[in-house]
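Novice: Residues per chain are reported as follows:
2 protein chains.
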Amino acid sequence: MEQGNVTKISSLGEFGLIKRLTESFPLKNDSSIKGVGDDAAVLKYDSENILVTTDLLLEGIHFDLTYVPLKHLGYKSAIVNFSDIYAMNGMPRQIVVSIGVSARFSVEHLEELYSGIRLACDIYGVDLVGGDTSASMTGLAISITCLGSAVNPVYRNGAKENDLICVSGDLGAAYMGLQLLEREKKLFEEGHDTRNEFSGKEYLIERQLKPEARKDVVEALAQKGIVPTSMIDISDGLSSELLHICTQSNKGCRIYEDKIPIDYQTAMQAEQFNMSLITAALNGGEDYELLFTVPLGKHDLVEAIPGIKIIGHITDESLGQAMITRDGNEIQLQAQGWNSLK
Amino acid sequence: MEQGNVTKISSLGEFGLIKRLTESFPLKNDSSIKGVGDDAAVLKYDSENILVTTDLLLEGIHFDLTYVPLKHLGYKSAIVNFSDIYAMNGMPRQIVVSIGVSARFSVEHLEELYSGIRLACDIYGVDLVGGDTSASMTGLAISITCLGSAVNPVYRNGAKENDLICVSGDLGAAYMGLQLLEREKKLFEEGHDTRNEFSGKEYLIERQLKPEARKDVVEALAQKGIVPTSMIDISDGLSSELLHICTQSNKGCRIYEDKIPIDYQTAMQAEQFNMSLITAALNGGEDYELLFTVPLGKHDLVEAIPGIKIIGHITDESLGQAMITRDGNEIQLQAQGWNSLK
Chain E
48 MEQGNVTKIS SLGEFGLIKR LTESFPLKND SSIKGVGDDA AVLKYDSENI LVTTDLLLEG
108 IHFDLTYVPL KHLGYKSAIV NFSDIYAMNG MPRQIVVSIG VSARFSVEHL EELYSGIRLA
168 CDIYGVDLVG GDTSASMTGL AISITCLGSA VNPVYRNGAK ENDLICVSGD LGAAYMGLQL
228 LEREKKLFEE GHDTRNEFSG KEYLIERQLK PEARKDVVEA LAQKGIVPTS MIDISDGLSS
288 ELLHICTQSN KGCRIYEDKI PIDYQTAMQA EQFNMSLITA ALNGGEDYEL LFTVPLGKHD
348 LVEAIPGIKI IGHITDESLG QAMITRDGNE IQLQAQGWNS LK
Chain Y
48 MEQGNVTKIS SLGEFGLIKR LTESFPLKND SSIKGVGDDA AVLKYDSENI LVTTDLLLEG
108 IHFDLTYVPL KHLGYKSAIV NFSDIYAMNG MPRQIVVSIG VSARFSVEHL EELYSGIRLA
168 CDIYGVDLVG GDTSASMTGL AISITCLGSA VNPVYRNGAK ENDLICVSGD LGAAYMGLQL
228 LEREKKLFEE GHDTRNEFSG KEYLIERQLK PEARKDVVEA LAQKGIVPTS MIDISDGLSS
288 ELLHICTQSN KGCRIYEDKI PIDYQTAMQA EQFNMSLITA ALNGGEDYEL LFTVPLGKHD
348 LVEAIPGIKI IGHITDESLG QAMITRDGNE IQLQAQGWNS LK
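As given, the protein sequences belong to chains E and Y, one line each in that order.
Per the numbering used here, the first sequence starts with residue 48, numbered consecutively.
Per the numbering used here, the second sequence starts with residue 48, numbered consecutively.
Think of the hints as simulated: they come from the structure by calculation, not from any bench.
Some hints could be false.
Stated by the list, open to error - Okay, the calculated bits of chain Y under chain E, using three or more residues with CB under 8 Å as the criterion:
| id | region |
| --- | --- |
| 1 | 83-97 |
| 2 | 133-143 |
| 3 | 177-185 |
| 4 | 194-203 |
Ideal placement from N, C-alpha and C gives every residue a C-beta, glycine not left out.
Using the sequences provided together with the hints, build the complete structure.
Specialist: What follows is the structure in structure tokens.
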């Protein structure tokens, strides 16, 4: 964390701090009736389904402030919640944000964090409607709950035999970005000059520090009249998420190694690190892409959406969940995604 | 924390842990369409207003596990959120619960915590519909977001001149309970035998460790057709909360010291500790009683509700916010409530 102006949080008090952090968040959605400032926010959703998701992010477990700028952290904290709402085929509408901060944080630090949250809210059309602000004994804790609306919510458990398995964007880049940042941190701590180390690797760093959620995919699906049979966002790796869909749908699957979308920078970096590229793509996590299934009859419609790749199909449960490698072998998919509790 | 059977959290993994903790929470409300197990919960509220409130509770700041049993902590964590919904004249319907746990916690510890959350949900008719489970570097973090419904939401800003100021239950007991527990902790740490120290003080301990939220008051008001002009729950002390109502309503107030409801045990304990009883009642906090205003014409109706006391009235803003003491003096109300950021 850089040091600039320093205003002690205690000089504002809880209500002063909340006011300072939230006053530049105007309400944009019709469903937001009353935002920050009472015992609870008031919303009105009429006939739509309401979606609710929540994430708790803790310093030292989910983020490392030695290389994550607070503004980026705020942005990403919001995005990971929006992504869960898109994964239900919904649109995020409101968030409530709780933070716990230790004494080393100043008001300016929190303004940085909230500027990232505000940017995400502006871009994705979401309102900040409440939260809680507290001291913490150690480090920074961020808890965000996001509410959204869905006309046709899509679950993980609706995949049918012969459905096409589709994925947006490309996979493994955020994981490679994390490896790069961790390596640079280590080199920096050992006294090396690490400037300009990221030239030509900007995409990997950006995918790790400033991911986006796939609002555009949900909009494109709606525009083409496609309601996926199942959907999930890829936060713990393709393999782990596809297993969730198969397990909850009681189905098997076949995906094809040569169909899995991977960016050029990701491939180059895997080679430089002498790491398995396909492992990074299958198990890397933090991609925040959408993984979904559609009936076979939607093949041409879904293929026409920019950035969507068809990577395989759903099978009967008895066939298990497997990937066909480039050389034609079948390997079982395994959930090796990131898990803070392991 | 007592030690009994010990199952390592890592032996279950994140999904196994979530399943174990949440499988005994059946959905009770029509508005809960889909609970735990997908990217987001799905709710349906039809034409009612949706209320959203959130609280972040951190070990060492909000609770001390040396004297707070985990089951009580779970219960209280839920109750404080329900209380915010009642304070909006609503009914809590759903919660999402996120926890961050350090390595010293076992699965059995978390089951204790969740048994308290479940008890609160059972008694108050609330569904657990989602959450997040994570490791933490130090201590326990609990973040709960509660959703509720309200036909007539009541804000803090609607108090009118001459409205009656009403409060439920009695004040200051939870604060006295906290002082007792802190004193016993100190004595215990110094090697004294502290058994049986709480005889005759059970009410104070219970108000601190196992508070209740005032569902009954919201129901009684509805039954009598009373919609308060303003309402807030008393978490930071009567004085601080009444100032919120006055400030947001642009009004003054007069309350009367001899009308403020105080339990016998609270009064006895204040004397034993040689503390100011009225200060405990005004600024103690954690009472989770409801403070509300009603039009003068509702005097007889509101007075007939068991456990409601009329303690004063709303005035023009120019008269300020003051309490009339037993000897007829006027003292300005001040916000000295509990604030973790001070």
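Novice: Run every hint past the structure and note whether it holds.
Specialist: Going through the hints against the structure:
1. 83-97: Holds: 13 residues of the region 83-97 of chain Y have a Cβ under 8 Å from chain E.
2. 133-143: n = 5 at 8 Å, threshold three: holds.
3. 177-185: It holds, with 9 qualifying residues against the three required.
4. 194-203: The restraint on the region 194-203 of chain Y holds, since 6 of its residues have a Cβ under 8 Å from chain E and three suffice.
Checked against the numbered hints above, the structure violates none of them.
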